[in-house]
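Asks: Quick note, the sequences are listed as chains A and B, same order.
Count along the first sequence from 1, add 1021, and you get the number used in the numbering used here.
Count along the second sequence from 1, add 111, and you get the number used in the numbering used here.
These aren't lab readings, by the way, just hints derived from the structure by calculation.
Idealized CB from N, CA, C, for every residue including glycine.
Errors might be hidden in some of the hints.
Claimed, not checked - Residues of chain B clear of chain A, computed beta-carbon distances all greater than 12 Å:
no., residue
1, Ala153
2, Gly259
3, Lys383
4, Arg389
5, Trp411
6, Pro424
7, Ala441
What the hints assert, rightly or not - Here are the simulated PhoX-like pairs of lysine-lysine, each with C-alpha atoms no more than 25 Å apart in a straight line:
no., chain 1, residue 1, chain 2, residue 2
8, B, Lys509, B, Lys491
9, B, Lys416, A, Lys1178
10, A, Lys1156, B, Lys398
11, A, Lys1156, A, Lys1178
12, B, Lys416, B, Lys508
13, A, Lys1156, B, Lys489
14, A, Lys1423, B, Lys267
15, A, Lys1423, A, Lys1051
16, B, Lys398, B, Lys383
17, A, Lys1175, B, Lys398
18, A, Lys1446, A, Lys1436
19, B, Lys416, A, Lys1547
20, A, Lys1156, A, Lys1175
21, A, Lys1178, A, Lys1512
22, A, Lys1296, A, Lys1547
23, A, Lys1156, B, Lys491
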Amino acid sequence: MNTNQYDAIVIGGGHNGLVAAGYLARAGKKTLVLEKRYLVGGASVTEEVFPGFKFTVFSYVVSLFRPEIIRDLNLPAHGLTILPLESTLTPTYDGRDCLYRDGDHYQTLRNIARFSQRDADAYDEYARYMYFMAKAVRYILGVIPPDPTTFNPKDLKGLLDMARHFLGLSQDQLYVLAKLMTMSAADFVEQWFESEPLKATLSASGIIGTFLGPRSPGTAYVLLHHYMGEIDGAYRAWGFHKGGTGGLAQVLARAAEAQGAEIRCNAGVAQVLTKGGRTSGVVLENGDEIHAPLVLSSLDPKQTFLRLVDPNQLPDDLVGAVRRFQTLGSSGKVNLALDRAPELASRPGVGRHLAGAISMSPNLDYIERAYDDAKYGNFSREPYVDVIIPSMIDPDMAPPGKHVMSCFVQYAPYKLADGEWTDEKREAFGDAVVNVLERAFPDIRDIILHRQVLTPVDVERITGITQGNIFHGELNLSQLFFLRPAAGYAKYRTPIKGYYQCGSGTHPGGGIMGAPGRLGALEALKDAR
Amino acid sequence: MPLPTPFHSRTSAVCDSYEWRNWSGFLSAGIYEMSHDREYYAIRNSAALIDVTPLFKYEVSGPDAARLVDRVITRDVTRQRVGQVYYTPWCDSRGKVIDDGTVSRLDTNHFRITSADPSGRWFQDVGYGLNATVTNVTADLAALAIQGPRSRAILKEVVGGIDFDQLKYFHLAQGTVDGFPITVTRTGYTGDLGYELWVQPEYAERLWDCLVDRGARHGILPAGIIALDIARVEAGLIMLAVDYVSSDHAVIESQKSSPYEIGLGWAVSPSKGGFIGRQALMTEREKGSTWGFAGIQYDWNALEKLFAEEDLPPHVAGRASRSAVPVYEAGNPGHQIGQITSHTFSPIMKQYIGIGTLLNPHAQIGNRVDVEVTVEFKRKLCPAIIVPTPFFDPPRKKS
């Protein structure tokens, strides 16, 4: 038996690749996952970068992981443990006060009322609207995007189903949905709220991973993603995975292996083999050939279409669209090893307020200004930083009494106006982050034992994601649904028979959802039947 | 008015929710924070402190202590080593369960028994003519459970004189904390790695402080009954007056259960000598039981569909429920075959689960049943399957 012959090969062992492998193997396909790094996870990895301190190197929370994947692949049996991450604390600019929101509803309203009584009164109404919006959009996450321009009966049925689904919304709700699809996050939340820390923090969800500011149109849609978890009630899969997002990748790897999939690390793919318009396998970077009639790429669209295959074999419209597919890296990551728990100036002491998100988003102008820097090719001098302290949630992340801090930072453009990223610029970027942190955590400088700073260039270098764009491509309306990654190619297929897409660059997009991996694998299996 | 336990000064200081329960006449925190999520995950992810002082506690001592205990419980005391802890039911003379609890053999002729209900009179009556003393020590012993993956690491830092790597599941050891004596049993009601600590009430606050102080680095949190209830259903552990009725409290015969009918058949020793209920139990063992204990897992996809029928996303209570629901033969809504007595959404397994009693042979593992659920006030039937308990059984529990 030829050991290099498989039924299906999945390129890339990130979370979507592993999910796809789980589904392929579950359907009885002899499946091989090829990962170029020494460990699986892609951008969902946990690494002990500094002895005893485990960093969730890139991604840090599990936001929208699809419940059907949890059930289909029986992930709890393989160790799935999503720990609650319930609170959000927003320090004011000077760090002396903060807006704190958590599961204590009325306390949260009182906290908001300190900034604006009107906002406190509007808070529940906003949540109710978002519930209906999330309910509508939740449906989209689970379906193959129908193409509105064809007269294919299947597409028409899909559109009809979707229309019926949306028509289930009241007129009021449809209006809000239309606004949500087109407005900026800032304008959207300003329909309800007036106080800065609340407006800024809510809109910040709309800019994560995009090269857009809170006042850029289209960002309201991204904001909705944060509400999706509400719909799943007790089932909710929003939180911090035990062991970090790498812990989730390990769970997915075990689940795929339990279904019979094989995972090979240190096995980067150089090229997808094609002949006569169909694929026959892959060539590894070391020259080995591995054969399979099905090849799924979980890499981003640029890697999938422009590097792994010869673009000359592809239709010009696709090549053009993929080349123009926006993958502007916009975010960086700073991971800190801390000698002890940091303390907030606005809320001294160590408690559960440190076990949630801490959002450095004091006001809308602050974030918009951070974007202004990036627009013209600089990293933000005063960036938006989304902080969590994983060791406050999962004691296994750091030695007892010590802590790790994960800082998601925006903005850090992939391309700087004044030339390449250098070590000096990277450290200057890290300093900018620590400066911002210091206003909220006055003692932070004294307790940093180790600092890891990652720019989009580093994210690309380590994970291979084009321009270090964590979503494999901007999540704006022009790149979503039947336009993701390109019109006519949104159904996970490619012009090469047997070659499929299953990464975040496909519908429904980035975030640790697993939906592209699942849907990509299911479409490939449908064709293989 | 319920009494404070010896830990009350500490538990009340951190009980932000003010949600107190009355547990056997003591104030017991239902939940400390406004949501039980973190308390539940402390049990499964770090360590949780649970005040279990309200358990009834008895000590049996004297030359005939072992004979007395052996006559009461269904397990074989002659095989219980000093330092070993038994979990066991005890029955009336017809083999119907009165209560269940733990029996710690502190010494050859010295036992400590926990129970859910007052049991002193029964123990004394059974011991008539034996040279043994039964003492109610409920008020003389504070009890604190520390449960969760980090519990051992914390106890290693806090407790002197015990080799925790050698302390096996369902065994006990004596040690000291901050100079005062303490009994540690490797027991609990969560199905996780965990211990229960038994001290004189005057040391209770110091014990709490030491554990919180050292445990903070390990993510320790106090946890209330709400979180505990979810964990115990996941562990498939029954509760008196919820999952079965004590034969002392039953007002009609059909409310009573034998150990075989509530999943405790494994704890009935057929080889041991005379004990109360033996004859009836041996007959039932031969003839088979009317009822069987079952772990029941709802079909979540089907549950989602039931909610979708009403245009609702699936919505289940975040807390465990002790309200029984009827169970029907699969596809035969006219034929009720039993009931689920405790049910909960399992946050760690992402499944809706329940425990209950079903007419035999419906309780067999793999059997399919229909369970009543209510969606928008409408009664519906959700397919479910009988699965082994514990539902959640991490290797660390016994390792």
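Asks: Each hint should be assessed against the structure and marked as holding or not.
Replies: Verification of the hints:
1. With a least beta-carbon separation of about 10 Å from chain A, Ala153 of chain B fails to lie farther than 12 Å from that chain, contradicting its non-interface assignment.
2. Not every C-beta of chain A lies more than 12 Å from that of Gly259 of chain B, the closest at about 10 Å, which undercuts listing it as non-interface.
3. With a cut of 12 Å on Cβ distances, Lys383 of chain B stays outside the contact zone with chain A, its closest approach being about 37 Å.
4. Every Cβ of chain A is farther than 12 Å from the Cβ of Arg389 of chain B; the closest lies at roughly 40 Å, confirming the non-interface assignment.
5. Chain A draws Trp411 of chain B into its interface by the beta-carbon criterion, the shortest separation being 6 Å against a cut-off of 12 Å.
6. The non-interface label for Pro424 of chain B is inconsistent with chain A: the shortest C-beta to C-beta separation is roughly 5 Å, within 12 Å.
7. For Ala441 of chain B, the requirement that its beta carbon stay farther than 12 Å from each beta carbon of chain A is met, with the minimum near 20 Å.
8. With a C-alpha separation of about 40 Å, the suggested pairing of Lys509 of chain B with Lys491 of chain B is violated against the 25 Å cut-off.
9. Taking the CA atoms of Lys416 of chain B and Lys1178 of chain A, the gap is about 21 Å. The hint holds against a cut of 25 Å.
10. Distance check on the hinted pair: Lys1156 of chain A and Lys398 of chain B sit about 54 Å apart at the alpha-carbon level, beyond 25 Å; violated.
11. A C-alpha spacing of about 20 Å is found between Lys1156 of chain A and Lys1178 of chain A, which places the hinted pair at or below 25 Å, so the restraint holds.
12. Between Lys416 of chain B and Lys508 of chain B, the direct Cα distance comes to roughly 36 Å. Violation of the 25 Å bound is thereby established for this hinted pair.
13. Of the pairs offered as hints, the one joining Lys1156 of chain A and Lys489 of chain B holds, with about 22 Å between alpha carbons and a cut-off of 25 Å not exceeded.
14. Restraint check: the Cα-Cα separation between Lys1423 of chain A and Lys267 of chain B comes to about 19 Å, which is no more than 25 Å; the hinted pair holds.
15. Distance check on the hinted pair: Lys1423 of chain A and Lys1051 of chain A sit about 44 Å apart at the alpha-carbon level, beyond 25 Å; violated.
16. Under the criterion of a C-alpha separation no larger than 25 Å, the hint pairing Lys398 of chain B with Lys383 of chain B is consistent with the structure, at around 20 Å.
17. Restraint check: the Cα-Cα separation between Lys1175 of chain A and Lys398 of chain B comes to about 60 Å, which exceeds 25 Å; the hinted pair is violated.
18. This hinted pair checks out: Lys1446 of chain A and Lys1436 of chain A have alpha carbons roughly 12 Å apart, not beyond 25 Å.
19. Between Lys416 of chain B and Lys1547 of chain A, the direct Cα distance comes to roughly 24 Å. Compliance with the 25 Å bound is thereby established for this hinted pair.
20. Simply put, Lys1156 of chain A and Lys1175 of chain A have alpha-carbon atoms about 24 Å apart, close enough for the 25 Å limit, and the pair holds.
21. For the proposed pair Lys1178 of chain A and Lys1512 of chain A, the alpha carbon gap of about 15 Å is at most 25 Å, so the pair holds.
22. Under the criterion of a C-alpha separation no larger than 25 Å, the hint pairing Lys1296 of chain A with Lys1547 of chain A is consistent with the structure, at around 22 Å.
23. In summary, the hint linking Lys1156 of chain A to Lys491 of chain B is supported, as the alpha carbons are separated by about 23 Å, within the 25 Å threshold.
This entry does not satisfy hints 1, 2, 5, 6, 8, 10, 12, 15 and 17, going by the numbered hints stated previously.
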